[in-house]
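**Student:** Below, each chain spelled out in residue letters.
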Amino acid sequence: MPPSTLAATPLGKSVKVRAIAGTRAFRRRLLEMGLVPGIQVRVVTIAPLGDPLRIEVRHGQWSIRKAEAAQIEIEATSLPVIP
Amino acid sequence: MSEDHCAPAVAPVLTSGAISIALAGNPNVGKTTLFNALTGMSAKVSNYPGITVERRTGVVALPIGPGELHDLPGTYSLNARSHEEQLAFDAITGLNGEKAPDVVVVCLDATQLARSVYLLLQIRELGARVVGALTMVDEAGASAPDARALGTLVGCEIVAVTARTKRGISDLLAAIDRAARTQRTSAWRWTPSATLRTHLDAIRAVMPAGWTTARRYGAPLPNAEDALLLWALTCIDNNPHDGDELQHVPPDVRAAVVAREFVLDEEAILARWAWLDREIPKLGTAKTDRSLTEKIDRVLLHRALGFGVFTGVMALLFMALFTGAAPLMDGIAFAFKSLGNAIHGVLGDGIFADFLVDGVIAGVGSVLVFLPQILMLFLFLGFLEDCGYLARVAYLMDRVMRTMNLHGRAFVPMLFGFACAVPAISATRTMERRRDRLLTMMVVPLMTCSARLPVYTLVIAALIPGSRLTQAGLMVGMYAFSVMTSLVAAWVMSKTVKPLKAKRLPFIIELPPYRFPRLPDVLRMMWGKSSMFLREAGTVILACSIALWALLYFPRDLPKGSPDYQTLIAAAPDRDTRDQLSAKEGAAHLEASFGGRLGHAIEPVIKPLGFDWKIGVGLIGAFAAREVFVSTLGIVYAVGGGGDNDDKQTELLRTKLHDAKQADGKRAYTPLVGFSLMVFFALAMQCMSTLAVVRRESGGLRWPIFLFTYMTILAYIGSLIVYQGGRLLGFS
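Those protein sequences? They're chains A and B, same order as listed.
Going left to right, the first sequence walks through residues 219 to 301 as this note's numbering numbers them.
Going left to right, the second sequence walks through residues 6 to 737 as this note's numbering numbers them.
Just chain A, with the same shape it has in the complex (with noise of 0.2 Å):
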């Protein structure tokens, strides 16, 4: 099964970041905005002509495409795991 993505997932749920794939600048841009492994990405909406989406990270907003969302993997599920 190929990783899950942010392209894939459903608006208004948060997911956490597993990795960033795609090119170093690329990698480096969402990495600086503080879009690291671990932390929580919201999809908050999606433009109406169905591209860009518009997401939720740190409390800051970001208009990203979705051919861009799709080189951000999540984590396969975000439920909390019981011990």
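It is worth saying that the hints were derived from the structure and are not from the lab.
Since no wrong hints were added, every one of them can be taken at face value.
Using C-beta positions, here's what the derived DEER-type ranges look like:
no.	chain 1	residue 1	chain 2	residue 2	range
1	A	Gln258	B	Val304	25 to 33 Å
2	B	Ala338	A	Ala285	44 to 52 Å
3	B	Met489	A	Gln258	39 to 47 Å
4	B	Glu59	A	Leu229	31 to 39 Å
5	A	Ala285	B	Ser175	46 to 54 Å
Chain A regions said to be covered by chain B (calculated; three or more residues, Cβ under 8 Å):
no.	stretch
6	243-249
7	263-275
8	278-284
Keep in mind it's a predicted model, so treat the numbers as computed, not measured.
Backbone N, C-alpha and C define an ideal beta-carbon position, used for all residues, glycine too.
Use these hints to put chain B onto chain A, whose structure you have.
**Tutor:** Chain B only, in chain A's frame:
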């Protein structure tokens, strides 16, 4: 964690001259407001050499003496991909012709503390003397972090400021003053791994002398040098799809980094964030209350409502620029015409008076006529940008613009292109990447600007038969044609022209919380940018209009055998005859001028488009501004009988064009010639002001020359297809 001090023998700064201060910070943290609060009315706007990134400097009064404050471009990090992003890095480290500032003030957003401090950590690593200015404390409310605790944590003074009310400004100035007297330190909040160290050492082996801290700071500071090497290791990137566009990187350093081929550079970023995520939450959990922003966004970004509001805002903007500026522009045009008449009244006729009136005064007028639009544009753009809506426009329109490989923010300049390309090209500044700006600049002049309308109106009324409805439909068609050509041109150029090629660059923009714009900030920005337009584009426009005047004015000798108009005019029985004779004299002079001869000379070239030499002269005159085509053609056709009544003259010109005959008695301008002419005007680059402003915005002659060449070729081919194709289809 390590702290690294300069040798105590090194004396602190301030041995000579004013101390220099750089102001750094993330975008949308109130950096501009702080800059204005610190510098008062002394701010000056200019460009970094050869690049359109604004450079604002101002004077601050420190207890120790005057200081010079540089505002750096807003950034989330000092790591750079492009030359633009590199500017902030160069300015802080004192590389590439910059002098390292004595103190760096980092603007911190209390509601986005971790992200703000990230930039501060980087700057501290590089060995700058740092003072933090904590803004948005009022927005953060009771949960605002304590400036003193933050200062202890990051190891430099932090001052809470409210720039609007100037609270904390004098404390900040005192802190800058104190910092300027300290020795430089390079503080790292993380420890590089052994592997990273080996990589840094490998690059150190080829480090040029200009990069050493001894050269840049006047004293060795090993950790600060490591930070510089880490920057090189992180930013130099030979990836063919997403490589860097850094300038002045020594080839040896580049080769050394490329030979490393590794991605450990993320170690630094992750280590900084790990530290931030551990330490910053201890200071409190201040965050913006986004609930109001969220409510507004629910409307403004709504599927239907959002587009409704968007259309309304854009229509309002457009109307303001298109019609709102018109009375002011007419007023300026009228004032300059009156001034010209007055000068003629005083000096009489003659070369000097003509030069002064038709060359200089008309030239200055043609610069100032743009001022109302430019002022309005920057007023609205500044307002929309500061309140946070411009980022939303990019979010809403990105899908459409992306199809043509344009940036989401290119929408606004393209729309303004319908009014005038000159302010529209200035509006490309809202995009941060050079490639996006350039591509937008290359296609904006294809939009149907208001200067094309008088030409279309004349041609449609004079040459194209049909009801008013057909004629109106044709006008709408010309608008649609321009939208289509500009979008197709953008797509084609993004596929073929190397510097404009669409790399897979990320489109990630922040959607900041909505905030009330501060009028003084917006007004100051408006004036700074507009006066820069006057200074830099204005001089070129003025020079071009004088040159063009001379082209259509000299030589003054009429060919042998011409009637002696002055004697005839003196002997004329009534005013009408006099006017007609002087119009004929004007036409004869124009035909004999260099421009007139040039019109004759290019006739063989434009003949296949259906144009004769008279239109050729009109095209040459139209280079000053497209609407000048109408008045130049008026002189060629000796339309002057109507006195000063412009409407009557236009009417007369229409009749003359409609009735114009070739030598063989056939109609000179058929409807087909009319279509060919309109297509030519739609596609050709006939506007020296646009070229002047592109030269300014692109920082050189290369792009205006490219723009002129491609549009002229496009116009020629377009008209050729229309005229020759039309003839093949049996139209005459």
